[in-house]
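Input sequences plus hints: build the corresponding full structure.
As they're listed, the protein sequences go chains A and B.
Sequential numbering of the first sequence, starting at 1, is according to the working numbering.
Sequential numbering of the second sequence, starting at 1, is according to the working numbering.
Hints may be right or wrong, so weigh each one.
[Said to hold, decoys possible] Sample of chain A residues facing chain B (criterion: CB under 10 Å; computed from the structure):
1) GLN6
2) PRO8
3) GLY40
4) GLY42
If you're looking for bench data, these hints aren't it; they were derived computationally from the structure.
Glycine included, every Cβ here is placed at the ideal spot set by N, Cα and C.
Listed below are the residues making up each chain.
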Amino acid sequence: ETGVTQSPTHLIKTRGQQVTLRCSSQSGHNTVSWYQQALGQGPQFIFQYYREEENGRGNFPPRFSGLQFPNYSSELNVNALELDDSALYLCASSLVGSSYGYTFGSGTRLTVV
Amino acid sequence: AQSVTQLDSQVPVFEEAPVELRCNYSSSVSVYLFWYVQYPNQGLQLLLKYLSGSTLVKGINGFEAEFNKSQTSFHLRKPSVHISDTAEYFCAVSGSSGSARQLTFGSGTQLTVLP
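Set out below in structure tokens:
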């Protein structure tokens, strides 16, 4: 059973640029969520995808967008990067209707300079 | 909407001593409760979860937590800690219905086990 894998592990971008982060869900999982964890804080929910559609969103602006593909992998896209976007971005997958538990990846550390 | 308060940002404890990490939550609906652990430069690992049934939940690595609905608490305990338990611990809550069961996390408690 594979876990959740994220790429890249680290990334440095310049303010105003765009970035794409990628996530491969755990085998058999059909829901993927993305979280932002700023330094010294708990993760904050960005959005969730189920059956390739967004079905929940946290308090993040529209420049944060995502995709879920038929193989349940996912992307997080952030446009017009700001310095405050520097954080660890975590992907989590789960199976709707299961005993309910999210499996988290190791994250992508994004630094905006 | 839900919220989670972790009452202690840092907890130092000596090796082999007991520890309790406190968590209180607020919610207008029925909830599921979780504890996650995060080691440096890593993602989150599930320690234990409360979905329903017995209010005492046992997890991995000897941790356990007790759900107290009247006090809206879900404190994490371990009777004897090891150096390897040093990590950041997060309490989280989600609603128990609907498909969009996003997790709301507390701000974390840094557990440091001293030799």
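Structure-based check of each hint:
{"no.": "1", "hint": "GLN6", "verdict": "8 Å, holds"}
{"no.": "2", "hint": "PRO8", "verdict": "14 Å, violated"}
{"no.": "3", "hint": "GLY40", "verdict": "8 Å, holds"}
{"no.": "4", "hint": "GLY42", "verdict": "3 Å, holds"}
In this structure, only the earlier hint numbered 2 is contradicted, and the remaining ones agree with it.
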